[in-house]
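Chemist: For the protein sequence lines, the chains are W and B, in the order given.
For the first sequence, the UniProt record's numbering assigns the number 1 to the initial residue and increments by one for each residue that follows.
For the second sequence, the UniProt record's numbering assigns the number 1 to the initial residue and increments by one for each residue that follows.
I should point out that these hints are in silico values taken from the structure, not numbers from a laboratory.
Yeah, the Cβ is synthetic: ideal placement off N, Cα and C, and Gly gets one too.
Check before you lean on any hint, since a few could be wrong.
As the list claims (entries may be wrong) - Label-pair restraints from in silico Cβ distances:
id: 1; chain 1: B; residue 1: Ala123; chain 2: W; residue 2: Ala355; range: 53 to 59 Å
id: 2; chain 1: B; residue 1: Gln133; chain 2: W; residue 2: Ser357; range: 28 to 34 Å
id: 3; chain 1: B; residue 1: Val3; chain 2: W; residue 2: Ala274; range: 32 to 38 Å
id: 4; chain 1: B; residue 1: Ala286; chain 2: W; residue 2: Lys396; range: 42 to 48 Å
To be verified - When the alpha-carbon atoms are kept at most 25 Å apart in a straight line, the in silico SDA-like pairs for lysine to any residue are as follows:
id: 5; chain 1: W; residue 1: Lys205; chain 2: B; residue 2: Glu136
id: 6; chain 1: W; residue 1: Lys193; chain 2: B; residue 2: Gln263
id: 7; chain 1: W; residue 1: Lys227; chain 2: B; residue 2: Ala152
id: 8; chain 1: W; residue 1: Lys205; chain 2: B; residue 2: Ala286
id: 9; chain 1: W; residue 1: Lys227; chain 2: B; residue 2: Trp256
id: 10; chain 1: W; residue 1: Lys121; chain 2: W; residue 2: Lys227
id: 11; chain 1: W; residue 1: Lys205; chain 2: B; residue 2: Leu7
id: 12; chain 1: W; residue 1: Lys307; chain 2: W; residue 2: Gln293
id: 13; chain 1: W; residue 1: Lys396; chain 2: W; residue 2: Lys307
id: 14; chain 1: W; residue 1: Lys329; chain 2: W; residue 2: Lys307
id: 15; chain 1: W; residue 1: Lys39; chain 2: W; residue 2: Asn71
id: 16; chain 1: W; residue 1: Lys307; chain 2: B; residue 2: Leu110
id: 17; chain 1: W; residue 1: Lys173; chain 2: B; residue 2: Met1
id: 18; chain 1: W; residue 1: Lys170; chain 2: W; residue 2: Leu252
id: 19; chain 1: W; residue 1: Lys90; chain 2: B; residue 2: Ser4
id: 20; chain 1: W; residue 1: Lys304; chain 2: B; residue 2: Phe146
id: 21; chain 1: W; residue 1: Lys97; chain 2: W; residue 2: Thr126
id: 22; chain 1: W; residue 1: Lys90; chain 2: B; residue 2: Leu98
id: 23; chain 1: W; residue 1: Lys90; chain 2: B; residue 2: Trp256
id: 24; chain 1: W; residue 1: Lys227; chain 2: B; residue 2: Ser4
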Amino acid sequence: MHNKNKMPCSFRSTFTASALALALSASMSSLALAAEPVKVGLLLPYTGTFAALGEATTNGMKLAIEQQGGNLGGRPVEYVVVDSEANPGKAVPNMQKLIAGSQVDVVVGPVHSGVGMGAVKVARETGVPLIIPNAGFNAATGPLCASNIFRTSFTSWQTAYPMGQVAADKGYKNIVTVAWRYGFGTESVEGFKEGFEQAGGTVSKEIYVPFPDVEFQSQLTEIAALKPDAVFVFFAGGGAAKFVQDYAAAGLQGKIPLLGSGFLTEGTLQAQGAAATGVLTTLHYADSLDTPQNNKFRADYRQKFGKEADIYAVQGYDSGLLLAQSLTKVSGNTQDRAAWNAAMADARIDSPRGAWSFSKAHNPVQNVYLREVRDGANVVVSTAATALADPARGCKL
Amino acid sequence: MEVSTILIQTMNGLQYGLLLFLIASGLTLIFGIMHIINLAHGALYMVGAYLVYWLTGLVGDLFLAILIGVPLAALLGVLIERFLIQALYRRDHLDQVLMTFGLIMVIDSLRSIIWGNDVHSVAIPELLSGSIQLTETLDYPVYRLFISAVCAVIALAMYLVLQRTRLGMLIRGGSSNREMVQCLGIDIRLIYTLVFAAGAALTAFAGMIAAPVSSVYPGMGNQILIIAFVVVVIGGLGSIRGAFLGALLVGLTATWGAVLVPQYAGMAVYVLMAVVLLFKPRGLFA
Chain W
1 MHNKNKMPCS
11 FRSTFTASAL
21 ALALSASMSS
31 LALAAEPVKV
41 GLLLPYTGTF
51 AALGEATTNG
61 MKLAIEQQGG
71 NLGGRPVEYV
81 VVDSEANPGK
91 AVPNMQKLIA
101 GSQVDVVVGP
111 VHSGVGMGAV
121 KVARETGVPL
131 IIPNAGFNAA
141 TGPLCASNIF
151 RTSFTSWQTA
161 YPMGQVAADK
171 GYKNIVTVAW
181 RYGFGTESVE
191 GFKEGFEQAG
201 GTVSKEIYVP
211 FPDVEFQSQL
221 TEIAALKPDA
231 VFVFFAGGGA
241 AKFVQDYAAA
251 GLQGKIPLLG
261 SGFLTEGTLQ
271 AQGAAATGVL
281 TTLHYADSLD
291 TPQNNKFRAD
301 YRQKFGKEAD
311 IYAVQGYDSG
321 LLLAQSLTKV
331 SGNTQDRAAW
341 NAAMADARID
351 SPRGAWSFSK
361 AHNPVQNVYL
371 REVRDGANVV
381 VSTAATALAD
391 PARGCKL
Chain B
1 MEVSTILIQT
11 MNGLQYGLLL
21 FLIASGLTLI
31 FGIMHIINLA
41 HGALYMVGAY
51 LVYWLTGLVG
61 DLFLAILIGV
71 PLAALLGVLI
81 ERFLIQALYR
91 RDHLDQVLMT
101 FGLIMVIDSL
111 RSIIWGNDVH
121 SVAIPELLSG
131 SIQLTETLDY
141 PVYRLFISAV
151 CAVIALAMYL
161 VLQRTRLGML
171 IRGGSSNREM
181 VQCLGIDIRL
191 IYTLVFAAGA
201 ALTAFAGMIA
211 APVSSVYPGM
221 GNQILIIAFV
231 VVVIGGLGSI
241 RGAFLGALLV
251 GLTATWGAVL
261 VPQYAGMAVY
271 VLMAVVLLFK
281 PRGLFA
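The following block holds chain B by itself, in its conformation from the complex (with noise of 0.2 Å):
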């Protein structure tokens, strides 16, 4: 194998290992800190494509698009966690699971009846729409490293919030000591249901990033609602740091395996994950 293809194939497991992260940091959130399953966690995945396809044929820009779509998908997020969320907190995770796997199936009727079927794909603004060629046969897509840079910035924000502010001092504090932060005069329900927003509009924001290059399909969030899990697992629950190394490691995992060992390409990242459970059963970083 070429040098230029071990590292073209590195590049291309860690663009993957970036995405993931996105998807997978709202749920290490929400588990981490209000200790919620959400299981629709990839059908919001789904929201934020069918929304920005939707978007940009309205307003006709991508990132216009995104702009009004954040909003609007943060918003669901609230409205999830006021009526339907907030009356499982008391609630053992089986009731959990069972209402956020109800909320697929609702979400993914109402994707039906209000876009339909069909396949959809939405256009990669001109701006980003260069390649950059890397071989004589091979280009490589501007847009990928966009989205590899815009995530690398979320990761890097989302942890100066959490570790630098006196808002992500509450989260931190509300997920450890939820009694304690409420003693202390503290609106831990405000803290919440900001917490499952920002975790909705992260993987809708993941959706819609990356809907030029992933094309926008009935079903698309179920696997990556898996994949997403198996980062968070290796990760550590509730640990963003571990959320960051676990994608990471399950992008290139993914990809190296699928280039050395692509009879058990699909094995590759569970396998990873026992692995990683086998010496360290929390994950990561729990």
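With the rest of the complex left out, here is chain W (with noise of 0.2 Å):
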């Protein structure tokens, strides 16, 4: 008896308090999207072999979006940082970590492309976007592109398919090529065979190295056997800087002329020293770049950080700028998520590498420079193309 007398009662006021409770919280929420800040989460690699790259797109990220105000569309930031460890295996926990866990709004990150399979895997499933700032995996931006999956760096394709035309109007008819035996190696020797080829010339043998293997006697012993016209190679980090160095002490340098996708002499001249000497290269950028805006650029990375910019502040740097020219486009509004998007894919990026702006499967539509080491430095020589757009195969956006 006494039970039921007082069900209602009670019933009744839980249901007022929830209901001001909710009421409350609603007006609350439209005011507080203003002052809460965007969760940026950083998905890259602070230890390993890859820690410096990490480094320089942070960076070169934070640089971009203090120069905008140091907010997003008029929200503060705040940055979420997961170390990927550039370990494949851990990709898809560390995003689950990051969306799930810190229920961040947007995916910055990764470099390695093994860890881009994974992080682009989550980010297809759960919608969040992603700004890939590195990983030039074909497949992001092909295969596997998204509404919400964005790429402010390259493609494999793009920094190795215009040396093709490169070789041929040099007038090489045989190349040899020699990479790792991996995504980006094969990918890169793919783009430049299919630019070398439409181009009239023959790849006459591709050799592959096991990754990460720097042992390369036995390989410079057979281009020597082979006596090709050039060498189109790809390696980067402490393979690249052996292999310039150990084809030079071979006697191959200034006998058979050494082509590559630019990652062969990124962050890595120094160690090679003198063997770099006429090395060519193609990549969609070069720190010599004389443009205001790279000049600008330079001064105010060295000021900050007191070190010299490379590509991956580069690419760090516009990852940046298109979060700030997307926020202000939609008032910083991260919860419509299709709004957002097609304000970033929209974007038109005034790069220090030279302005660009997204393609259809959301890969930079950009111009790749033809650059010379001379000098202990990547001196660009030309543009070898002009606002090329990767061809995005398999890609139905």
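Got two chains here, separate frames each, mind docking them using the hints?
Modeler: Here's what the structure looks like:
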């Protein structure tokens, strides 16, 4: 009896209270939206072989956002940092940590294409916007492209295809390629081969080295025996430093011209020294690019971080510009993902590498420069390809 | 294939094998005598390379840098053995693996803090910077031949020390019967410290002497560690002679694998290991 009497009363009061709370929170949330920070998740390598790349990317991005007033679409920024360790095995859990755990609004990352595979998978499943500041595997803006996946860097194809035409113009007919046998290596060689064969050349032999082996003597002996017109290679980091040095030590420098994707001489020139002189590479950026945007960017970066900017800093910077520009356009509203994605797709980035915009598949349509190593610097010789778009094979956007 | 190419490729293989021996010998020494699985061996190789990069910058000469660097590496070995490894002699191999794996991370982080994450190179000394012309297009750097000669000399010296000296006798005795050596009034702990320091110094020395041709970069020790383990397993755990033969076999297999079956070059040395273990489950000289 007693209980029966009390029930409706307590029910009513609970109901009123929760209705009140609901009304309150609804009005609060629209207010809070302006003040609440945009959560930017960073999935980048801060330890291991690629640590320097993760650091440069982060620096570049923070510099861009700071220069845009330090906020995104009127909201402050909160960074949630996860060390990817460039470990593909941890890509999916790390993405889930950011998205489900920290509830980030957007993920910027990764550097490594293997990690990129996992990151793209999670981004496609959850719909959280993903901005890739480096990982150049063709698939991210090819068969795996999506309305919420954007890349501010390059595809492997873009950095190698223009070299085909360059090599043909130099009069080379017969070329041997050497690369690490992994995604980036084989995609670069395929891109080069496509360009070179379209221009009438022949790739007489494709030599692959197990990744990440750095013992090249037997391959160099083979090249010396084959005597091609030129050699196209893909190596990066320590492998690139070593290959170029070994190539010179084997007496091949100056006898058989060495061509490569630009990563052969990025961040490795100091280690390569005189052995790199005369190496020709194609890339979507060069430190020595003499434009007002690049000069200003490099000066600002040097002043803030006390070191020279590199390609990874540029790509981070552009990712920051993309965030700032798109969120200004949607007034900081990260809830309406369709509108935000559309704003990103329409972005036009005034980058240190030259202005670029997105292709349909969300990869930059950009210039690719031909660079030659002279006196320990990548000197821009010419623009190898103007406003080059990746063919985005398999993308249905 | 021309005869000259065959000879040059064989030389490439032997030269790679000799360098592998230098790295693997320290690993097999430490395992054979102390029964410690030292996963941080590759990290010490990297430390050697960075030490010589740093010291060459300071003193200006590679050989002087190596002369200063090797005792430093040995000292590091003494410190690691005294303060970390000694606690593990009575524990099983899993604990040792965990400890030395942790050591890889600690050493790598310290390397990042002290020397940064950039790729560096060390100049080849003027005296050895020349090269010999082998064919019309191919030169062979004198420094690579020098490395091979040094590795061969060290291999011979190790053999003589272990087989012909009193210290070598104690070390061999300690490996087969620890208690008996102790009963004879010999301080086995001192011998263990010496052996670990020697192992660390050997691999660091390998990193130093190879630095001018290998470049100096983060993670350089990890890949060399795996191949060093393959050498040790093929040769038989703890056998210096086995490590020598195993290193040459691995060097030749890797080189000729890359020439003859390039698609499977990455597998070649592991196939070799599998075949050896099939017929000699404990390695060639265990």
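Chemist: Please go over all the hints and tell whether each is borne out by the structure.
Modeler: Checked hints:
{"no.": "1", "hint": "B:Ala123 x W:Ala355: 53 to 59 Å", "verdict": "violated (41 Å)"}
{"no.": "2", "hint": "B:Gln133 x W:Ser357: 28 to 34 Å", "verdict": "violated (53 Å)"}
{"no.": "3", "hint": "B:Val3 x W:Ala274: 32 to 38 Å", "verdict": "holds (33 Å)"}
{"no.": "4", "hint": "B:Ala286 x W:Lys396: 42 to 48 Å", "verdict": "violated (59 Å)"}
{"no.": "5", "hint": "W:Lys205 x B:Glu136", "verdict": "holds (20 Å)"}
{"no.": "6", "hint": "W:Lys193 x B:Gln263", "verdict": "holds (18 Å)"}
{"no.": "7", "hint": "W:Lys227 x B:Ala152", "verdict": "violated (33 Å)"}
{"no.": "8", "hint": "W:Lys205 x B:Ala286", "verdict": "violated (42 Å)"}
{"no.": "9", "hint": "W:Lys227 x B:Trp256", "verdict": "holds (20 Å)"}
{"no.": "10", "hint": "W:Lys121 x W:Lys227", "verdict": "violated (44 Å)"}
{"no.": "11", "hint": "W:Lys205 x B:Leu7", "verdict": "holds (22 Å)"}
{"no.": "12", "hint": "W:Lys307 x W:Gln293", "verdict": "holds (18 Å)"}
{"no.": "13", "hint": "W:Lys396 x W:Lys307", "verdict": "violated (41 Å)"}
{"no.": "14", "hint": "W:Lys329 x W:Lys307", "verdict": "violated (33 Å)"}
{"no.": "15", "hint": "W:Lys39 x W:Asn71", "verdict": "holds (11 Å)"}
{"no.": "16", "hint": "W:Lys307 x B:Leu110", "verdict": "holds (21 Å)"}
{"no.": "17", "hint": "W:Lys173 x B:Met1", "verdict": "holds (23 Å)"}
{"no.": "18", "hint": "W:Lys170 x W:Leu252", "verdict": "holds (18 Å)"}
{"no.": "19", "hint": "W:Lys90 x B:Ser4", "verdict": "violated (48 Å)"}
{"no.": "20", "hint": "W:Lys304 x B:Phe146", "verdict": "violated (46 Å)"}
{"no.": "21", "hint": "W:Lys97 x W:Thr126", "verdict": "holds (13 Å)"}
{"no.": "22", "hint": "W:Lys90 x B:Leu98", "verdict": "holds (20 Å)"}
{"no.": "23", "hint": "W:Lys90 x B:Trp256", "verdict": "violated (35 Å)"}
{"no.": "24", "hint": "W:Lys227 x B:Ser4", "verdict": "holds (15 Å)"}
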